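Those protein sequence lines, which keep their order, are chains A and B.
Numbers in our numbering are just positions in the first sequence, counted from 1, shifted up by 6.
Numbers in our numbering are just positions in the second sequence, counted from 1, shifted up by 25.
Worth flagging that the hints you see were computed from the coordinates, not collected in a lab.
This one's a predicted model, so the numbers in the text were calculated from it and none came from an experiment.
No false leads were mixed into what you were given.
In silico lysine to any residue, SDA-like type, Cα no more than 20 angstroms apart, as pairs:
hint: 1; chain 1: B; residue 1: Lys332; chain 2: A; residue 2: Glu276
hint: 2; chain 1: A; residue 1: Lys520; chain 2: B; residue 2: Asn307
hint: 3; chain 1: B; residue 1: Lys53; chain 2: A; residue 2: Arg297
hint: 4; chain 1: B; residue 1: Lys357; chain 2: A; residue 2: Pro481
hint: 5; chain 1: B; residue 1: Lys542; chain 2: A; residue 2: Ser320
hint: 6; chain 1: A; residue 1: Lys278; chain 2: B; residue 2: Ala321
hint: 7; chain 1: B; residue 1: Lys357; chain 2: A; residue 2: Arg79
hint: 8; chain 1: A; residue 1: Lys259; chain 2: B; residue 2: Ser336
hint: 9; chain 1: B; residue 1: Lys362; chain 2: A; residue 2: Asp264
hint: 10; chain 1: A; residue 1: Lys319; chain 2: B; residue 2: Ile541
hint: 11; chain 1: A; residue 1: Lys365; chain 2: B; residue 2: Lys391
hint: 12; chain 1: B; residue 1: Lys453; chain 2: A; residue 2: Gly330
hint: 13; chain 1: A; residue 1: Lys339; chain 2: B; residue 2: Asp476
hint: 14; chain 1: B; residue 1: Lys351; chain 2: A; residue 2: Ala267
hint: 15; chain 1: B; residue 1: Lys362; chain 2: A; residue 2: Leu476
hint: 16; chain 1: A; residue 1: Lys259; chain 2: B; residue 2: Val365
hint: 17; chain 1: A; residue 1: Lys479; chain 2: B; residue 2: Tyr356
hint: 18; chain 1: A; residue 1: Lys255; chain 2: B; residue 2: Ile361
hint: 19; chain 1: A; residue 1: Lys396; chain 2: B; residue 2: Arg475
hint: 20; chain 1: A; residue 1: Lys294; chain 2: B; residue 2: Pro330
hint: 21; chain 1: A; residue 1: Lys254; chain 2: B; residue 2: Tyr356
hint: 22; chain 1: A; residue 1: Lys126; chain 2: B; residue 2: Glu478
hint: 23; chain 1: A; residue 1: Lys124; chain 2: B; residue 2: Glu478
hint: 24; chain 1: B; residue 1: Lys559; chain 2: A; residue 2: Glu230
hint: 25; chain 1: B; residue 1: Lys639; chain 2: B; residue 2: Leu629
hint: 26; chain 1: A; residue 1: Lys479; chain 2: B; residue 2: Leu368
hint: 27; chain 1: B; residue 1: Lys427; chain 2: A; residue 2: Gly330
Computed list of chain A residues with no C-beta within reach of chain B, every gap over 10 angstroms:
hint: 28; residue: Glu30
hint: 29; residue: Glu60
hint: 30; residue: Asp141
hint: 31; residue: Pro142
hint: 32; residue: Lys453
hint: 33; residue: Asp605
hint: 34; residue: Thr673
For every residue, glycine included, the Cβ atom is placed at its ideal position computed from N, Cα and C.
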Amino acid sequence: MARNKEALLLLIDVGPSMHNVVPEIEKVCSMLIEKKLIYNKYDEVGVVLFGTEETKNELTKEVGGYEHVTVLRDIKVVDGDLLEAFQKLPRGTYAGDFLDAIIVGMDILIKKFGTTMKGKKRLCLITNAVCPIKDPFEGTKEDQVTIIAEQMTAQGMRMESVVVRGGLSGDACQGVLDENDRLLNIFSRRTRAKLSYVESPISLLGALRTRNISPVTIFRGDLELSPKMKIKIWVYKKTSEEKFPTLKKYSDKAPPTDKFATHEVKVDYEYKRVEDPGKVVPPEQRIKGYRYGPQVVPISSADWDAVRFKPEKSVKLLGFTDAGNIMRHYYMKDVNIVIAEPGNQRAILAVSALTRAMKEANKVAILRCVWRQGQGNVVVGVLTPNVSDKDNIPDSFYFNVLPFAEDVREFQFPSFNNFPSSCQPNDQQQEAADNFVRMLDLAPSGKAEALQPDLTPNPVLERFYRFLELKSKQPDATVPPLDDTLKKITEPDPELLSQNKGVVEEFHKSFELKENPKMKKSTRRLLREKPSKSPEGEDHALISVQSANPNSNEHTSAAKVENIGDLTPIQDFEAMISRRDSPEWVDKAIKDLSNKIYDLVEDSYEGDNYPKALEYLIALRKGCVVEQEPKQFNEFLRRLCKFCQEKNLNSFCELLASKELTLIPKTEAADSEVTEDEAKDFLVKREPMLE
Amino acid sequence: MDLDPDEIFRDDEDDFDNGFYQEKEATKEFVVYLVDASPKMFTATSKSEDGKDDNHFHIAVSCISQSLKTQIINRSYDEVAVCFFNTREKKNLQDLNGVYVFNVADRDDLDRPTARLIKEFDAIEESFTKEIGSHNGIVSGSRENSLYNAIWVAQALLRKGSAKTADKRILIFTNEDDPFGSIKGATKTDMTRTTLQRAKDAQDLGISIELLPLSPPAEEFDISLFYAELIGLEGDELAQFIPSAGDKLEDMKDQLRKRMYRKRVVRKINFLISNGLSIELNSYALIRPTLPGAIAWLDSVTNRPLKTERSFICEDTGALLKESTKRFQLYKGESIKFSVEELAEIKRVSTGYLRLLGFKPLSCLKDYHNLRPSTFLFPSDEEVIGSTSIFIALHRSMLRLKRFAVAFYGTSARPPLVALVAQEEIIKSGGQVEPPGMHMIYLPYCDDIRDIEELHSDTNFAAPRANEEQIKKAAALMKRVDLKDFSVCQFSNPALQRHYAVLQALALDEDEMPEIKDETAPDEEGMSRPGVVKAVEEFKASVYGENYDEESDLAGNAKASDASKKRKAAAEVAVKECANYDWADLADNGKLKDLTVAELKYYLTANNLPVAGKKEALISRILTHMGK
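Model the full structure from these sequences, guided by the hints.
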């Protein structure tokens, strides 16, 4: 189990310029540890902080220097305490020197492991590299870094650097940035180091590999260009879905006193005849039946083996074709990567020649692959060039599986040009769409591409591991809502929207959506917000652009209330009646609150609900005045009083009279047909009738 | 919020195990193929490749035959009937003239396709003239109306099952656009009227009638003469009806085949473009791997089906449990419990919508950004009018600006980020090759991507790079082995073909196993053409140098050869050591267990047996090998 054991040292910059991203660093490091606690329990992890107020490391004691580098935790097997440490990292006060931290980190690894664990020792540097490193005693900074990099290689250490840049790094001197970039680049050239720049908190979460999976080849052998020429290749998976962990079923049958209870559930399968369910058939008496139309053909595995398709293990070239012949949407599965056999210079050269020639001519190769001997099928796929832009990384290919004739369902769809003119966008609409597509840009020039798959973590997994940690401390915790950083994966970036507010609104205005009157099913939620002219409406639209999110689990956003609940009915009513996306909301709000009032009055026992009902009624009246809907309110109040009269609930009407709550007169709402006097008399007049 | 609960919890498409790869069959499909067998259908239109006369009848029959084969693999619960009209013989329950319902033993007229049906239908053209015969049923002077009869027969066949649970269709194959053209006067009006009424009655019963028109190259099938009214096309629909054109019959066959399948919507999707603006899309699974059908366990004694029963047993107490609603994960030495609802809640990061996040240039979509087959999106105005117009506008902008949309698809199982790539309609030789719409490509997250490139990066030197000359030679080779008309789905899956050929043979009790041609094998003949051989040799010489033999050269493969050398040496030692023991004697006296595992392994290694397992396993392996 310990074969894949890894020793990881996190070198984290906590200097003042890093403070705004430290929360994200805490999260990504916690995630890393949480996953290790499940999948790599024997891995060892240490943490070195730099830019700290204090200094605490062995080198400073031994040779001096290395100030403001703090070993937060010496390297040891992962545990819950480490996770605690990441709950709140100390914020530093000094500009950190990342090279000092690297040296301290290397020193720890060397002291602990010596030359063992080659290739399993990893340094992980998280910094914004905005502060210059100190000048060395002799030689240039470049020389110093080169020496360290070479030492790293000799010790079999790998390094991963995550450099926080863009909007996250604040103001910094360009000269220093350039110098540091150059220095960090030396690492990736001189040693096994990966360097990634991140410009957003999401990318920071995604930049660090939080789970170590040792890659295995799925094929090693020849790529046969023809019977006369072969290239030695290895094939790995390039993408492979990281699944949601499969949790075990829990049994609570064991007595709580049993400390050693596993609580596991065993699943037992029994096979019974359909005609005679009482009879259990032992598993070895089963035989596989293959369906063919209505028939089921029984064949034993041995017979099947004799007749089934048995291709020879091989990877053969079928030919080359124009890249345009293979459309992107035909890629069927996760992706493989084909590399030349490591260390085989000639194979690397052959692959390099092919990739470069393919890239130049925009061609792809079609291969027929049987990865393993005994595999029951062949795979036909497309090989695309992956020309390396780094000197020490050889060129390689990506391989994507293509569909067979049986896998494609060729449906015919009407041509867009044949649609009626009502479905064709006009020039103005097309222009709005063009602007919309152009401006809602996730990869603007000069800035890092947002939501790059390589740097975007799976929000569901993030959420699971965080919740797991939370539950380990508070067993009865509920699932917390998605945090703001992760929300940027599931929802559009509010900043991007507000920057392009004009374009988005123009797009909205250009198109009209209507509910199909023939459809009974309600599609309210599909209707867009109508552009509003009043200043109040403007405000409202702005709020909804920024904070509304109709899909979130919470109802906090007032703009999107769709129902009047029991907890805060008045607030719900106010929010709903002021919704501007459809006139229906006003009616619905009034109707819903009216029903609530009816219910309260009717269910009241000796008037215990009256105060509440009165409160609602006041809110309803106010809303109707604001929305200039006096008619609805007046009708309702009349109905309510009649209802009270019938049900012998006169006391409620008396209460209304005493509070002077009455019809909405013309003076309050122009549309009202009720005069002020009529309103005044409404309840008073009623009194004699009631008696 | 009043969301449709079905919408939130419906995860048919994205749950890997149930549904993504197997389309959910909400309804069965009942289809009657009505094939015109009038002499006009037999008029030779062109010579096919193998020199036989090709005619429309042949095309129709081979399309149906192909469709039956697909159907038995993919949708074997659908039921089908094949019916000819304008025939000499008659065979139908109503005993109407000019209509012949084709069938085989052990099968209802409208029933699931069987191996026998497929086999006999394959041979129908040979026996057609003798058994069924062609005869134009609509001639002036007689009151017969074979089209009317055919629709009647088809309707009667489709009486089975309710229209709610089954999708009922009649597909008419004909090359006669004006079936009553030869008749004049009142008779014609009368026949037209009754036939249309007949069709309308069928449609009122929930049966859809579709037309698959065939026409000779020069003439166009004029749908307005008669059939538009029969199949109920009006206005825009008429304009959208695609007349089956095409110069080559092969193309026509392709088009017919496409139209024979009912388009199945996988699900309806709300595409939230920005806050408050949401359009309606339908998603279609155009590409999904076809796998050999599910197996059913049978009792090998009786060959009767078995059902599997699952029971849950508590490991600690042995008590029988109901399906547990609690799950746990070991973490920090403790089991952390989750309820099923909590797990569902964690996965629900967004509800059901497809939510637009922004746009990127197409160059940002890398070849390795893929995890599963794509899903096709096409707009629908069924519930929200205006969706199509917005979709078309975005589609055009995305094509023009060479951009794709990034969206979050908030399904409940594994909500992915997706790329929406606009696809322009592509029409080749009269037929649609690529439909217009957007393809939804499932993007990986960083957790799903592996850094393989850096795994073997060389730390000391730069990796070898090909020079101009070598690249030129590679380019020359590429030109030689160019697949000009390659289309992605030109190969049929040999494993699947073999699977079903074997099943068909077994189902029909045939002794001989059929041979299947593996279309995916490289073109060896082409590869041995002198031009190709020369290009290969030149490329080889330029990258490998002269007189280089990959097989014998192990220099570049130092690691592997080291390992194999070690293995060889170990084997030699083992053989030597092995000779020091009297194995037969040790075995007979039960003394093998006194040896160490290392010693036991000498024997195993020397005899090329696996050396894995516990000591007992090793001993029993040795004994078995010695035959004791």
